[in-house]
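Peer 1: From just these sequences and the hints, can you work out the full model?
The lines below spell out each chain.
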Amino acid sequence: MSDATANMTIYLKVWRQASATAEGKFVDYKVDQVSPDMSFLEMFDVLNDQLVKKGESPIAFDHDCREGICGMCSMMINGKAHGGQKGTTTCQLHMRKFKSGDAIVVEPWRAKAFPLVKDLVVDRSAFDNIIQAGGFISAQTGNAPDANANLIPKTVADEAMDAAACIGCGACVASCPNGSAMLFMGAKISQLALLPQGQPEAPRRALNMVKTHDELLFGNCTNHAECEATCPKEIGLEHIARMNREYTKATFTYHEKVRGEGAG
Amino acid sequence: MTSSKLDNKVPSGDLYAKWDKHKFESKLVNPANKRKFTVIVVGTGLAGGSAAATLAELGYNVHAFCIQDTPRRAHSIAAQGGINGAKNYQNDGDSIKRLFYDTIKGGDYRSREANVYRLAQVSNNIIDQMVAQGVPFAREYGGLLDNRSFGGSQVSRTFYARGQTGQQLLLGAYSGMMKMVNKGKIKMFSRREMMDLVVVNNQARGIITRNLVTGELERHVADAVLLCTGGYGNVFFLSTNAMASNVTAAWRSHKRGAYMANPCFTQIHPTCIPVHGDYQSKLTLMSESLRNDGRVWVPKKQGETRKPEDIPDEDRDYYLERIYPSFGNLAPRDVSSRQAKYRCDEGLGVGSTKMAVYLDFRDAIKRDGANTIAGKYGNLFEMYERIVGEDPYKTPMMIYPAVHYTMGGLWVDYNLQSTIPGLHVLGEANFSDHGANRLGASALMQGLADGYFVIPYTLSNYLASNKIDKITTDHDAFKEAESRVKLADDKLFGLKGKRSVDDFHKALGHYMWEEVGMARSEAGLKKAITGIRKLKEEFWQDVNVPGVAGEYNFELHKANRVADFLELGELMALDALERNESCGGHFREEYQTSDGEAVRNDENFCHVAAWEWSGEKAAPIRHVEELKFENVQLATRSYK
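Just so you know, the protein sequences line up as chains A and B, in that order.
Counting from 1, position 77 in the first sequence corresponds to residue 77 in this note's numbering; the numbering is continuous, with no gaps.
Counting from 1, position 624 in the second sequence corresponds to residue 624 in this note's numbering; the numbering is continuous, with no gaps.
Everything labelled a hint here was simulated from the structure, so no lab data went into it.
Careful, some of the hints might be misleading.
[Stated by the list, open to error] Below, in silico cross-link-like pairs of lysine-lysine (DSSO-like), each with a Cα-Cα straight-line distance of 30 Å or less: (1) B:Lys394 / A:Lys99; (2) B:Lys506 / A:Lys97; (3) B:Lys9 / A:Lys53; (4) B:Lys496 / A:Lys30; (5) B:Lys394 / A:Lys86; (6) B:Lys21 / B:Lys255; (7) A:Lys154 / A:Lys257; (8) A:Lys249 / A:Lys154; (9) B:Lys366 / A:Lys154; (10) B:Lys640 / B:Lys617; (11) A:Lys80 / A:Lys211; (12) B:Lys21 / B:Lys97; (13) A:Lys53 / B:Lys34; (14) B:Lys498 / A:Lys25; (15) B:Lys486 / B:Lys255; (16) A:Lys249 / B:Lys183; (17) A:Lys97 / A:Lys80; (18) A:Lys211 / B:Lys187; (19) A:Lys54 / B:Lys498; (20) A:Lys13 / A:Lys99; (21) B:Lys366 / A:Lys257; (22) B:Lys491 / B:Lys18.
Peer 2: Here's what the structure looks like:
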């Protein structure tokens, strides 16, 4: 732990926008007495506390767990989602990564499918809509088979876990020039496609999720790989590849015929 | 005062058969009638998410509310280490009875036998259910599930998904919810905060919520209300809880008639990253699982100036291994935390603030290799390095206890129903299963047990056995509740004081940590009560809440939460003052052995203290539910 001396000065340029329909603009702030041991969000807390004491409206930003797992924080920092430190969310970014006197530009996620709410807060409910379309295994609560009934090789379980680590923050969408959510969606499709429990619904899942993704105005993937570079959980493009395979396979092989179940 | 309201409804008969008997005797709602009932579920963590999904699957209409932008972010997500299950997959002597016994003993004999036994029984169903939903638990090369050990137990019964078990379980419950949203059986309300409970004819019938984006107050009516709103650790300001975690839903229900049980039972987790500055907003936990391989120590002499890696073994005090040879570094949380505090009080603390101890992986890395250690804890080591700026593969971690979990909560009976009919409380928000101290990897188990396997039975029984009138949100009780909320908002805006909400919250946190933290005394608790009362008065004179109600106003949200924390804080201190014994996380300095271990008073305090709100001006009333132990013998906990 470095000695916590609050000695840095940071110049911020922050996007302020009162509501979804209001006009937005950058506003300059100077923050003194920044300690290198502060997290980026704690620096915002200090600034907001000063704004409140002056009777000004504090900057709205999303945050909750502040330990890099809830996926709520979401700032575009100097043009990079979560600030560009490998495998790190904004709440885990620390001021020791900056120098005193640095100017930092902070913007919200910008994507067609993520409408702005206020200042740095956006609406990411489109992600819930994608999961609703099929990002689950329909295992009704009750008498599931014994947990060890299905053997799953460690390597497969580990790869499924790599994909499942997604925190749904939306950095992939914000970083993508097409505003695509293919990494987010691919991670879920890939996780469930790797596991035996996910097989019965795999084709249906891929078809429905991709359809919903496109309807929600997310763009397509054109292999820029910006998503992979900024993902705070370091989820790889191979999951988009597996999704594409699942989707293609399903397109050719899966047909749902509607049959009546008949009265008993 | 023993109260007739505190009928715990524990079924008669043999402990092992109680739950089966109770399920059979519970009334059912027939499939066609289930769609006539609406259930409000507040909170979408493990308890709320699993309850919402399961009740919707059964056919009820569920209205679910979460404070975040999506239910997937509830703070259950931050649980790292794992979830217990009595599967005995390791063939190491585990059983339902042993999990039950460990949990009762770990809780220092202050929990209800029947609830804990049921928890241990359904623990196995939870593991099965979560695997069926696609939770990628860690596995062995042969494809079987892997387990690890946690504090307070001598078997390996903890299932885990790297250091992200809570996240994976929550995403499992969340995916179940999303499936039912898609089927139209769950209506999801996100970015909502419950501001009040609506009680009609002595039945919980609805809630008032604030839409956190528009600021609008909303009324929601239902046939029953489930509170799954988590714990109140943020009363300490600094805790491992998320920023939005708060007591408001529970506290306002308390003010409407729900008793608050054992509020002073707080868990202070031994392995967190130490405090490093005044600006600090939260504390970060390092999973207890690290104590499987990490060794806790401090230097033997005060004023040690060498780097930890340069201090030879003979100058190190591995104090947990020394004092508790049979449990060693895996002593339970309350015991380990207190020992860390003692070492720092003795001037043996390390780091710049001297308020930390070492957690050292040197020997484990030497024994198993860095790769094996990275496989188990890699993400935790990275997290530590990001926050502290030091590499735990090369130099020991520094850790210190921090507030982590609250065993206390709203009082519930065996059916998880509070003292208000129709108001059920699940997960950390209730008080029932962990006594005075929760064992590691048991919070996830309890949240999911309540939501998946208990409430579906007990709620059906409630709905089938009670007459619930048809009402709408035009009922006077809704109007009254809404205007109460509005009145408080107006008052807050009108103060235009000089201090920020956080100033008050930090001042409250200071009292709580110093006087209602790891060690409590009569004098300290009295000081806290006087101080908190004064702080509350100042708050209602001098707090500054900028802006207006009809907008996204984070300061207003926080002000309401802190107003409730101020009242809760006082009750916690009072509860601690009245409990003249030491047990689990509640350590009264007056009641200890010569070597600093807790001394329980089973004769006078083998009970649950359940507090009744009796208005702003009157003192709360302390009711008592006696705890009867018929299947375990009360003993002094020993981990030596």
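Peer 1: Indicate, hint by hint, whether the structure satisfies it.
Peer 2: Okay, the hints, checked on the actual structure:
Restraint check: the Cα-Cα separation between lysine 394 of chain B and lysine 99 of chain A comes to about 26 Å, which is no more than 30 Å; the hinted pair holds. Only pairs whose Cα atoms come within 30 Å are accepted, and lysine 506 of chain B paired with lysine 97 of chain A is accepted, the gap being roughly 27 Å. A hinted pair counts as satisfied when its Cα atoms are at most 30 Å apart, and lysine 9 of chain B with lysine 53 of chain A does not qualify at roughly 52 Å. This hinted pair checks out: lysine 496 of chain B and lysine 30 of chain A have alpha carbons roughly 25 Å apart, not beyond 30 Å.
About 21 Å separates the Cα atoms of lysine 394 of chain B and lysine 86 of chain A, which keeps this hinted pair within 30 Å; it holds. With a CA separation close to 34 Å, the supplied pair lysine 21 of chain B and lysine 255 of chain B exceeds the 30 Å bound. A threshold of 30 Å between alpha carbons decides the hint, and for lysine 154 of chain A with lysine 257 of chain A the separation of about 36 Å lies outside it, so the pair is violated. With a CA separation close to 25 Å, the supplied pair lysine 249 of chain A and lysine 154 of chain A stays within the 30 Å bound.
Only pairs whose Cα atoms come within 30 Å are accepted, and lysine 366 of chain B paired with lysine 154 of chain A is accepted, the gap being roughly 25 Å. Using a Cα cut-off of 30 Å, the hinted pair lysine 640 of chain B and lysine 617 of chain B is violated, with the two alpha carbons roughly 47 Å apart. A C-alpha spacing of about 29 Å is found between lysine 80 of chain A and lysine 211 of chain A, which places the hinted pair at or below 30 Å, so the restraint holds. For the hint linking lysine 21 of chain B to lysine 97 of chain B, the alpha-carbon distance of about 18 Å falls within 30 Å, and the restraint holds.
Pair hint lysine 53 of chain A plus lysine 34 of chain B does not hold up; C-alpha atoms about 52 Å apart against a cutoff of 30 Å. A threshold of 30 Å between alpha carbons decides the hint, and for lysine 498 of chain B with lysine 25 of chain A the separation of about 29 Å falls inside it, so the pair holds. Pair hint lysine 486 of chain B plus lysine 255 of chain B holds up; C-alpha atoms about 16 Å apart against a cutoff of 30 Å. As the CA atoms of lysine 249 of chain A and lysine 183 of chain B are separated by approximately 26 Å, the hinted pair is consistent with the 30 Å bound.
Distance restraint check for lysine 97 of chain A and lysine 80 of chain A: the Cα-Cα separation of roughly 14 Å lies within the 30 Å cut-off, and the hinted pair is therefore satisfied. Note on lysine 211 of chain A and lysine 187 of chain B: the hinted pairing holds, with a Cα-Cα distance of about 22 Å set against a maximum of 30 Å. A C-alpha spacing of about 9 Å is found between lysine 54 of chain A and lysine 498 of chain B, which places the hinted pair at or below 30 Å, so the restraint holds. Between lysine 13 of chain A and lysine 99 of chain A, the direct Cα distance comes to roughly 16 Å. Compliance with the 30 Å bound is thereby established for this hinted pair.
Between lysine 366 of chain B and lysine 257 of chain A the CA atoms are separated by roughly 60 Å; this puts the pair beyond 30 Å, and the hint is violated. As the CA atoms of lysine 491 of chain B and lysine 18 of chain B are separated by approximately 50 Å, the hinted pair breaks the 30 Å bound.
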